[in-house]
Amino acid sequence: MIRITYPLLALSLVLFFGSCGSDSTDQNTDLGQDTTEVVDDGQGQEQTYLLPSPLQIAYIFKKSGLKYVSGTTHDPKKEGNYNTTFSQSLNLGIYSSDLAYCVLNKQNNEARNFMNAVKSLSDKLGMSAVFDSESLLKRFDANLGNEDSIMFILSELQSRSDEFFADNNRQMTAAIVFSGAWVESMYIAAKVSGKGKASKLPQQLADQMGILENLLKELKNHESKDSGIAGLIGQLTEVRDIIAGIPGVKEMMESENPADVKIEATDSQLDALVKKLDEVRNSLIKG
Amino acid sequence: MIKNMFLLVVLSAGFVFAGFKVIQKAKDICNPIDLKKKCAPSLDPFTYDSAKLSRITWQKKPIKMETEVPLSLFGSYRFVFNTEGMPKKIGINVYNKDKDSKKRDLLFSNADSLETNTTLIFDPKKHTRKIFINYDVPADTLNLKIKGCVYFVLGYK
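Same order as they appear, the protein sequences are chains A and B. Every letter in the first sequence is one number past the one before it in my numbering, and letter 39, counting from 1, is 39. Heads up, my numbering is the position in the second sequence plus 1000, with the first residue counted as 1.
Chain A with its partners taken away, still in its complex shape:
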């Protein structure tokens, strides 16, 4: 009996400890759901950076008076031009911004085309589950024209994407997607707001500096993982430096009452900024 029960006992112990052991494995894989990578400085301190949704940026721009101008968005038919994960991620972000811009400005047909582009690039990036077997797309179609419902669906799409990136440890993809979204939002704002004393562009762009700072820090966390990220950081740093050079921006960033700080850009500063955003955006959509 002893000869038989010892193996059985051993088996039960193996099974038991095996099941306990899988706990820690799960903790590191399935459950490793921080939306941004944790940076441990070795002193019991960890720092992470939250990035907003493209929908919020579009909403904030709309709230601050940005109008719809036809032809400023990217061409949704070009979604098939992107063949690398890096360019697909960037342009998923670009199309997400265009989608939000169209939805908030009640451009339903355009919005539908951008939703298709977003779906197609999401599929290519292995994110089909985010659309829940077409049901989200069907709901989107059924609710086109009802702004509240569409906003709800888009925020659900965002939350599912967040969960996907977290569940699959794809924080780097999330940061690249957001980079594309951010550049497209700034590009649209620059094209639509224009220059002159009445332009709200300096305030709108200065307001985005906090997000841009976080984005740069987050991209730096992933710099070694994809060769394209260093170039992206360089481009975004150039944009940041131009915005930071506008009188009032640095003061606003350090002020206890940032809303009271006046941002006044000269036409040549705005020209330089618009030119830089043009250049960066064009390089991103080139693929």
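Calculated directly from the structure, the hints in this document are not laboratory data. Just so it is clear, the structure is predicted and the values come from calculations on it, not from any experiment. Check each hint, because a few of them may be wrong.
To be verified - Listed next, the stretches of chain B that the computed footprint assigns to chain A, with coverage defined by at least 3 CB atoms under 8 Å from CB atoms of chain A:
1. 1049–1056
2. 1080–1094
3. 1108–1116
4. 1120–1132
5. 1140–1147
What the hints assert, rightly or not - Capping the alpha-carbon separation at 30 Å, the derived lysine-lysine pairs in DSS-like fashion look like this:
6. A:Lys200 with B:Lys1145
7. A:Lys250 with A:Lys191
8. B:Lys1037 with A:Lys138
9. A:Lys63 with B:Lys1038
10. B:Lys1125 with A:Lys217
11. B:Lys1103 with A:Lys220
12. B:Lys1089 with A:Lys262
13. A:Lys63 with B:Lys1157
14. B:Lys1147 with A:Lys220
15. B:Lys1126 with A:Lys63
16. A:Lys200 with B:Lys1126
Glycine residues also receive a C-beta, built at the ideal position from the N, C-alpha and C atoms.
Given chain A, work out where chain B should sit, using these hints.
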């Protein structure tokens, strides 16, 4: 002999099942989809913007986890924290500046809230540019190896 063998098989199956249940429980309690649903009523009337599930394992020394949240001067925001997945209370403190700043103001803290209160809401005042969320995890002096999570959702309007 057969009786003993049967007993052993039942016991081992029991162990495996118990181990599986422990894992399931840990998974269930920190499931971001469920936590998001639980936070939804507290987020209303704000729209979901982003979320972060922070997985926390107590260490021999205290840990400070900081998340930097950029906000727009043109928006209004709500922060919702769900601590259901944390078996022991940790400090949730929200500041206007980062942990390296010499002078920063505490804007929100769970210090006075009961451990049973697992949903915390903070609405920052308008025209705030950045918020710094600190999770202050005490030292695991008794080596209890406590593990858990805190779910945070940001809403805007």
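Structure-based check of each hint:
1. A count of 7 residues in the stretch 1049–1056 of chain B with a Cβ less than 8 Å from any Cβ of chain A is obtained; the coverage claim is therefore met, three being the minimum.
2. Coverage of a stretch by a chain is defined here by at least three residues with a beta carbon nearer than 8 Å to that chain's beta carbons; for the stretch 1080–1094 of chain B and chain A the count is 0, and the condition is violated.
3. A count of 0 residues in the stretch 1108–1116 of chain B with a Cβ less than 8 Å from any Cβ of chain A is obtained; the coverage claim is therefore unmet, three being the minimum.
4. For a cut-off of 8 Å, the count of residues in the stretch 1120–1132 of chain B with a CB near a CB of chain A stands at 4, and the three-residue condition holds.
5. Only when three residues or more bring their CB closer than 8 Å to a CB of chain A does the claim for the stretch 1140–1147 of chain B stand; here the count is 1, and the claim is violated.
6. Between Lys200 of chain A and Lys1145 of chain B the alpha-carbon distance is near 53 Å, which puts this suggested pair outside the 30 Å criterion.
7. As the CA atoms of Lys250 of chain A and Lys191 of chain A are separated by approximately 24 Å, the hinted pair is consistent with the 30 Å bound.
8. Pair hint Lys1037 of chain B plus Lys138 of chain A holds up; C-alpha atoms about 22 Å apart against a cutoff of 30 Å.
9. A C-alpha spacing of about 29 Å is found between Lys63 of chain A and Lys1038 of chain B, which places the hinted pair at or below 30 Å, so the restraint holds.
10. Restraint check for Lys1125 of chain B and Lys217 of chain A: satisfied, since their Cα atoms lie roughly 25 Å apart, inside the 30 Å limit.
11. For a cut-off of 30 Å, the pair hint linking Lys1103 of chain B to Lys220 of chain A stands: about 27 Å separates their Cα positions.
12. Of the supplied pair hints, the one linking Lys1089 of chain B and Lys262 of chain A is violated, its CA atoms being roughly 43 Å apart against a limit of 30 Å.
13. For the given pair, Lys63 of chain A sits about 10 Å from Lys1157 of chain B by alpha-carbon distance, which is consistent with the 30 Å threshold.
14. The suggested pairing of Lys1147 of chain B with Lys220 of chain A holds, with an alpha-carbon distance near 29 Å, which does not exceed 30 Å.
15. Taking the CA atoms of Lys1126 of chain B and Lys63 of chain A, the gap is near 14 Å; set against the 30 Å cutoff, the hint holds.
16. Only pairs whose Cα atoms come within 30 Å are accepted, and Lys200 of chain A paired with Lys1126 of chain B is accepted, the gap being roughly 19 Å.
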